[in-house]
Amino acid sequence: EDKVVQSPLSLVVHEGDTVTLNCSYEVTNFRSLLWYKQEKKAPTFLFMLTSSGIEKKSGRLSSILDKKELFSILNITATQTGDSAVYLCAVGGETSGSRLTFGEGTQLTVNP
Amino acid sequence: KAGVTQTPRYLIKTRGQQVTLSCSPISGHRSVSWYQQTPGQGLQFLFEYFSETQRNKGNFPGRFSGRQFSNSRSEMNVSTLELGDSALYLCASSRVGTGGNTIYFGEGSWLTVV
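Line by line, the protein sequences give chains Y and W. Counting from 1, one number per residue, gives the positions in the first sequence under this note's numbering. Counting from 1001, one number per residue, gives the positions in the second sequence under this note's numbering.
If you're looking for bench data, these hints aren't it; they were derived computationally from the structure. Just so it is clear, CB atoms sit at the ideal spot from N, CA and C, and this is done for glycine as well. Be a bit skeptical, because a hint or two may be false.
[As the list claims (entries may be wrong)] Going by beta-carbon spacing under 8 Å, a handful of chain W positions derived as facing chain Y: (1) Gln-1054; (2) Arg-1055; (3) Phe-1060; (4) Gly-1062; (5) Thr-1102; (6) Ile-1103; (7) Glu-1107; (8) Gly-1108; (9) Trp-1110; (10) Thr-1112; (11) Val-1113.
Working from the sequences, and respecting the hints, build out all of it.
This is how it looks when you write it as structure tokens:
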């Protein structure tokens, strides 16, 4: 059975701090790993990673995948209060269509 | 380009009733999948439809069912509602429906069962 474990489950930082969120996974015939940001609504797509070692960047957010160690990290630099949200990691397999297995999420709180 | 649209956004039902939720995927997307999100269980996969056929199914009882129409719009139905069915139901769409395609979520339907 596919499995995704995120850590930490909860994190409180001050504006301007840099945070690293972790995601480890076990999936049959890995195809992709996706990161989402969820505030009090639907998950918003951040990144999709399919290849090891290639960093994806979008503004202050970046993510990288290690397929050998079955691990991904999401970095947020110079955090802002608007970054406060639950960050979800999900994996999809080659034969699982659009089925994603999600981790529990990391609740990030950024205080002013 | 319009995103994934779900209706209704909020609804309250009584135990034993049934409910139908609707989802319109992003234009051009043929895969629609449904997820249930609760505080205790997180996001859990219900089922996926692609070209009007159910392609994947999660570990939910038969009370949960769905279908997809020729225009890719999808509905899910929950019969004989239980209190534990109270949740946010999310619909997601992707272009082809393989693991390598970006999957986009709708705003969700908040279901409360009383």
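Outcome of the hint check:
1. Gln-1054: Violated, about 10 Å.
2. Arg-1055: With a closest approach of 5 Å, the W/Arg-1055 hint holds.
3. Phe-1060: violated, 13 Å
4. Gly-1062: Nearest chain Y Cβ about 19 Å off; hint violated.
5. Thr-1102: holds, 5 Å
6. Ile-1103: OK, holds: W/Ile-1103 within 8 Å of chain Y, min 6 Å.
7. Glu-1107: holds, 5 Å
8. Gly-1108: holds, 5 Å
9. Trp-1110: violated, 10 Å
10. Thr-1112: violated, 16 Å
11. Val-1113: W/Val-1113 check fails; min Cβ-Cβ to chain Y is 20 Å, beyond 8 Å.
Checked against the numbered hints listed earlier, the structure breaks hints 1, 3, 4, 9, 10, 11; every other hint is satisfied.
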